[in-house]
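Novice: So the protein lines, in turn, are chains A and B. In this text, residue positions in the first sequence follow the working numbering: the first is 130, and each later residue adds one. In this text, residue positions in the second sequence follow the working numbering: the first is 2, and each later residue adds one.
It cannot be assumed that every hint is accurate.
As the list claims (entries may be wrong) - Incomplete in silico selection of chain B near chain A, CB under 7 Å:
id, residue
1, Phe46
2, Gln49
3, Trp101
Source of the hints: derived by calculation from the structure; they are not laboratory data. Note that the structure is a prediction, hence the values are computed from the model and not measured. Ideal Cβ placement from N, Cα and C applies to all residues, glycine included.
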Amino acid sequence: EAQVTQNPRYLITVTGKKLTVTCSQNMNHEYMSWYRQDPGLGLRQIYYSMNVEVTDKGDVPEGYKVSRKEKRNFPLILESPSPNQTSLYFCASSLAGQNNSPLHFGNGTRLTVT
Amino acid sequence: GQQVMQIPQYQHVQEGEDFTTYCNSSTTLSNIQWYKQRPGGHPVFLIQLVKSGEVKKQKRLTFQFGEAKKNSSLHITATQTTDVGTYFCAGRWSNYQLIWGAGTKLIIKP
Numbered sequence: 130e131a132q133v134t135q136n137p138r139y140l141i142t143v144t145g146k147k148l149t150v151t152c153s154q155n156m157n158h159e160y161m162s163w164y165r166q167d168p169g170l171g172l173r174q175i176y177y178s179m180n181v182e183v184t185d186k187g188d189v190p191e192g193y194k195v196s197r198k199e200k201r202n203f204p205l206i207l208e209s210p211s212p213n214q215t216s217l218y219f220c221a222s223s224l225a226g227q228n229n230s231p232l233h234f235g236n237g238t239r240l241t242v243t
Numbered sequence: 002g003q004q005v006m007q008i009p010q011y012q013h014v015q016e017g018e019d020f021t022t023y024c025n026s027s028t029t030l031s032n033i034q035w036y037k038q039r040p041g042g043h044p045v046f047l048i049q050l051v052k053s054g055e056v057k058k059q060k061r062l063t064f065q066f067g068e069a070k071k072n073s074s075l076h077i078t079a080t081q082t083t084d085v086g087t088y089f090c091a092g093r094w095s096n097y098q099l100i101w102g103a104g105t106k107l108i109i110k111p
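Excised from the complex, chain A in its bound form (with noise of 0.2 Å):
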């Protein structure tokens, strides 16, 4: 089944212990992005992969690293998680950026920073 992964569901953490979110597509898209969801404000990107080795900025990059060392996988890390960064987080991938593809999003990461 053609789907994005992400892992994990829910994560409560502490103030400064890093950690990671998995993200991982199976249909050979080459352009993934990573997204906040917070009450009242949408969708905001944090970072974005065109293709392999290829990352950029989104608009709330900030507290937030990414990498993307193989086609598949795109994993979210926040080396020093605050509690502003609580939030619902979503990956998704597309075949490509440049063209009219739609965005096929997991099913989210509820993030709890206390």
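Starting from the known structure of chain A, fit chain B onto it as the hints suggest.
Specialist: Quick look at chain B alone, frame taken from chain A:
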């Protein structure tokens, strides 16, 4: 920066009533996509509009793209409980990145 304004933020309707959400951009869009997010779920792609003045229908859903490609709307006729969720538009400019509206939450009154 580039923005897509989406209104209203919430819309309460009785089951069977119609629902409309609007998206507006200050600059011309290359295309616009619409997504639906069910409560507790993730956004799911509904449709993409590319041409000026384009109108597309999916059963009770009607999507429109303005003549100037600066605005778009989604209209649902005779809402059902299965329509509950948040509807997002996402506009694309020439730099290929999608800019998301804040979403309109459709709530069916009990």
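Novice: Confirm or reject each hint.
Specialist: A quick look at each hint next to the structure:
With its C-beta approaching chain A no nearer than about 4 Å, phenylalanine 46 of chain B sits inside the 7 Å limit, and its interface hint holds. Against a cut-off of 7 Å between C-beta atoms, the interface hint on glutamine 49 of chain B holds, since the closest Cβ of chain A lies about 6 Å away. Interface hint status for tryptophan 101 of chain B: upheld, as the beta-carbon distance to the closest one in chain A is roughly 4 Å, under 7 Å.
In the structure shown, no violation is registered for any of the earlier numbered hints.
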